[in-house]
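Here the structure of chain A is known, so what remains is to put chain B in place on it, guided by the hints.
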Amino acid sequence: MVKNYPPKTYTSLTEIQADLRTGSTTCAQLVAHYLRNIEAQNATLNAFVAVYAEQARARAVEIDAKIASGTAGRLAGMVLGIKDVLCYKDHGLQAGSKILDGFTSQFTATAVQRVLDEDAIIIGRQNCDEFAMGSSNENSAFGVVRNAIDPARVPGGSSGGSAVAVQADMCLASLGSDTGGSVRQPAAFCGVVGLKPTYARVSRWGLVAYGSSFDCIGPITKCVADAAILLEIMAGSDDFDSTVSDQPVPAYSQNLPLNKKLRIGYLREGLESEGVDAQIKRATSQKLDQIRAAGHQVEAFDFPLIKYFLPTYYVLTTAEASSNLSRFDGVRYGHRSAGATDLVSLYKKSRSEGFGDEVRRRIMLGTFVLSANYYDAYYTKAQKVRRLIAQETQKLFERFDFVVSPTTPTTAFLLGQQTPDPLQMYLADIFTVQANVVGNPCISVPNGADENGLPIGFQIMGSPFEEANLLAFAESLEKI
Amino acid sequence: MNIDQETLRKVAHLARLELRPDEELSMQQNLESVLSWMQQLDEIDTTGVEPLTHISERTNAFREDTAQNNLPLQRALANAPRSDRSFFKVPKVIE
Numbered sequence: 000m001v002k003n004y005p006p007k008t009y010t011s012l013t014e015i016q017a018d019l020r021t022g023s024t025t026c027a028q029l030v031a032h033y034l035r036n037i038e039a040q041n042a043t044l045n046a047f048v049a050v051y052a053e054q055a056r057a058r059a060v061e062i063d064a065k066i067a068s069g070t071a072g073r074l075a076g077m078v079l080g081i082k083d084v085l086c087y088k089d090h091g092l093q094a095g096s097k098i099l100d101g102f103t104s105q106f107t108a109t110a111v112q113r114v115l116d117e118d119a120i121i122i123g124r125q126n127c128d129e130f131a132m133g134s135s136n137e138n139s140a141f142g143v144v145r146n147a148i149d150p151a152r153v154p155g156g157s158s159g160g161s162a163v164a165v166q167a168d169m170c171l172a173s174l175g176s177d178t179g180g181s182v183r184q185p186a187a188f189c190g191v192v193g194l195k196p197t198y199a200r201v202s203r204w205g206l207v208a209y210g211s212s213f214d215c216i217g218p219i220t221k222c223v224a225d226a227a228i229l230l231e232i233m234a235g236s237d238d239f240d241s242t243v244s245d246q247p248v249p250a251y252s253q254n255l256p257l258n259k260k261l262r263i264g265y266l267r268e269g270l271e272s273e274g275v276d277a278q279i280k281r282a283t284s285q286k287l288d289q290i291r292a293a294g295h296q297v298e299a300f301d302f303p304l305i306k307y308f309l310p311t312y313y314v315l316t317t318a319e320a321s322s323n324l325s326r327f328d329g330v331r332y333g334h335r336s337a338g339a340t341d342l343v344s345l346y347k348k349s350r351s352e353g354f355g356d357e358v359r360r361r362i363m364l365g366t367f368v369l370s371a372n373y374y375d376a377y378y379t380k381a382q383k384v385r386r387l388i389a390q391e392t393q394k395l396f397e398r399f400d401f402v403v404s405p406t407t408p409t410t411a412f413l414l415g416q417q418t419p420d421p422l423q424m425y426l427a428d429i430f431t432v433q434a435n436v437v438g439n440p441c442i443s444v445p446n447g448a449d450e451n452g453l454p455i456g457f458q459i460m461g462s463p464f465e466e467a468n469l470l471a472f473a474e475s476l477e478k479i
Numbered sequence: 000m001n002i003d004q005e006t007l008r009k010v011a012h013l014a015r016l017e018l019r020p021d022e023e024l025s026m027q028q029n030l031e032s033v034l035s036w037m038q039q040l041d042e043i044d045t046t047g048v049e050p051l052t053h054i055s056e057r058t059n060a061f062r063e064d065t066a067q068n069n070l071p072l073q074r075a076l077a078n079a080p081r082s083d084r085s086f087f088k089v090p091k092v093i094e
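Protein chains in written order, with numbering that gives the first Met the number 0: chain A, 0 to 479; chain B, 0 to 94.
No lab work stands behind these hints: they were computed from the structure.
Nothing false has been slipped in among the hints.
To list a few chain A residues with every Cβ distance to chain B over 10 Å, as calculated:
#	residue
1	Ala31
2	Ala64
3	Ala67
4	Phe300
5	Asp301
6	Ser462
Here are a few chain A residues that face chain B, going by a calculated C-beta distance under 7 Å:
#	residue
7	Val314
8	Tyr332
9	Arg359
10	Ile362
11	Val384
12	Arg385
13	Arg386
Cβ coordinates follow ideal geometry from the N, Cα and C atoms, glycine included.
Just chain A, with the same shape it has in the complex (with noise of 0.2 Å):
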């Protein structure tokens, strides 16, 4: 049903640049077929939440011009969607949630910025988890986002909208977030490519703040090298973002592809362990021997302390979640309580009515974990844990150049599955939150599909601002 639309799915800006070179496509015509996809399945999908048509028509021929005259930016001809949780000013923002119902952005965040003045278009913001805490895209006040390919299933989450929009070829590629696994988890779901790069990488000025020394924008795109582009030219330092790193930024795109014999280690837990769906062992297993094929050396390794990567990450980004949200007080902007009789039940009950389920449980447990009597115990301890986890990812790194696992223990599950139970939920993100925990970019490419047609996740994970060949790497796996 996807593929029914003409003029055809483009699956890289290489193949629409081409096109645009040729005259034989125009961004008008790109954006007028995103728009008709759109148009008929957004209904079913509800992977955007608000879509800006009439901006998207005037821009593609404001570039059509610069195209013509030969001025246009390097992302002309790219149609990108972005997550409700980055800041486009004058745009409306939600992070999925009622606590910003009405709210409008004063600014734009630099990594969207960056895109735009290389003439990229915006057609719309995705929908997705709220305050992006969620690995299915069911804790959405805009309601649930679903898979494509079944729309019984979750997209995944926390960019469900992103990961389904390009999917469903409602948009080129997509700008996400990921604190523990939101873009590579829906990418692995919906049969797209998900990229988190190192912390730091990207400047997280006007992404809306979840776990701040998680949290990384991300793009979701059809192709590696659509990856590559995008993080080239959204990455490097900024002055608004005092954390963001000011390592020079490689020409990623530049880089692929790789010509280089590399060290495989490949987690056994993701081959071995009772939790991973037999499918997606298979399909682990043979890509693991494609690799050894194309002359790479492939090996297991154990990782004792996985069992504890999970119990760190939600320690800690359920206490700097219950910090961040903090500001969301009904004072400023957003949700405010009609019911408010001072100032302190303003607070309470503007908080309480805006914020979702997931949401207020993460807030509690956060405080909690911070609290005087249990700081040492939870926070501290976690902290402690964090440190080891990193030491011994580094020790991975020294033995091999990547790391490697299945993305996702299941393919999509069904809608309505897993929410009763939030512990069975978090595993999900089993194989996805080292990365946030330790820092290091991580990529998901489509690895086939199960039985049912599911899509299946590949996930590599390289060494810190090792993007470029991580991205090279990636990109040969495309072609084996």
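Same frame as chain A, now just chain B:
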């Protein structure tokens, strides 16, 4: 980890949240189960390990101290539920 009702209410107050009476029990159970699961971390010996507090290696970022008006008054107030000229309005704080 046991969370009694008093603790639950205290944490809710610190978090500036109100729990509806009909959700107290499920919140309490959820917190207990997640906190007990988090306590797995106690299995790891972290004696002598320094807490990891920053992931970015950068310690300080400097730029010129020049005045910029990134958020003009009208824009800053534009999202306010209630405002009065140059102020955000809230219920009376001082009697």
